[in-house]
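Numbering (this note's numbering), first residue to last: 1 to 138.
If you are wondering where the hints come from, they were derived from the structure by calculation, not from laboratory data.
No incorrect hints appear here.
Here are the in silico distance ranges between beta carbons for each label pair: (1) M132 / D68: 24 to 34 Å; (2) K96 / G126: 16 to 26 Å; (3) H19 / G97: 25 to 35 Å; (4) L106 / S67: 13 to 23 Å; (5) L24 / L101: 18 to 28 Å; (6) G58 / L101: 17 to 27 Å.
All residues carry an ideal CB built from backbone N, CA and C; glycine is no exception.
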Amino acid sequence: MTGQRRRIHCKFVFVKILHLHHILLPCADVEAAACFYEGLGMERVPHISPQMRWMQFGPNQLHLWPSDKAHIYNGWQQEPSPHFAMMGDDIWKFEKGIPELGGTILQAPQQRPNGSWYLFALDLDGNRFEIMQPLETP
Numbered sequence: 001m002t003g004q005r006r007r008i009h010c011k012f013v014f015v016k017i018l019h020l021h022h023i024l025l026p027c028a029d030v031e032a033a034a035c036f037y038e039g040l041g042m043e044r045v046p047h048i049s050p051q052m053r054w055m056q057f058g059p060n061q062l063h064l065w066p067s068d069k070a071h072i073y074n075g076w077q078q079e080p081s082p083h084f085a086m087m088g089d090d091i092w093k094f095e096k097g098i099p100e101l102g103g104t105i106l107q108a109p110q111q112r113p114n115g116s117w118y119l120f121a122l123d124l125d126g127n128r129f130e131i132m133q134p135l136e137t138p
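Based on the provided sequences and hints, a complete structural model is requested.
Given below as structure tokens:
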């Protein structure tokens with residue numbers, strides 16, 4: 001089947017996804033990762049598992065899970081690479097604060113054609129993420 005595309009037939013289903021609830025990230029040190037994401041403004045959520053940390057931001061959560069394979073970036077060399085994106089309130093403060101928390105800025109803030117801003121960074125475990133800042137609204 002090389003070179004041929006499989007035809008997909010979508011069916012209407014009588015259920016609906018309401019929203020994204022969480023993203024699970026593998027982490028070498030979940031406590032250090034929790035501190036990093038607290039520094040980005042997330043809040044800890046009580047959890048019954050002592051090995052895991054849950055972080056809340058808006059209606060979403062990050063679930064930080066201990067792993068010796070501690071990042072989702074697996075050498076993918078193509079753009080766009082696997083990442084998750086979060087909306088922030090001040091892209092310039094994120095650019096300054098991420099390295100202070102131990103993260104790495106991969107790309108300084110860039111402006112999209114629509115006027116919004118974004119940057120790419122890595123957390124302590126090499127998980128790639130994007131910070132976005134929306135357009136100013138009058």
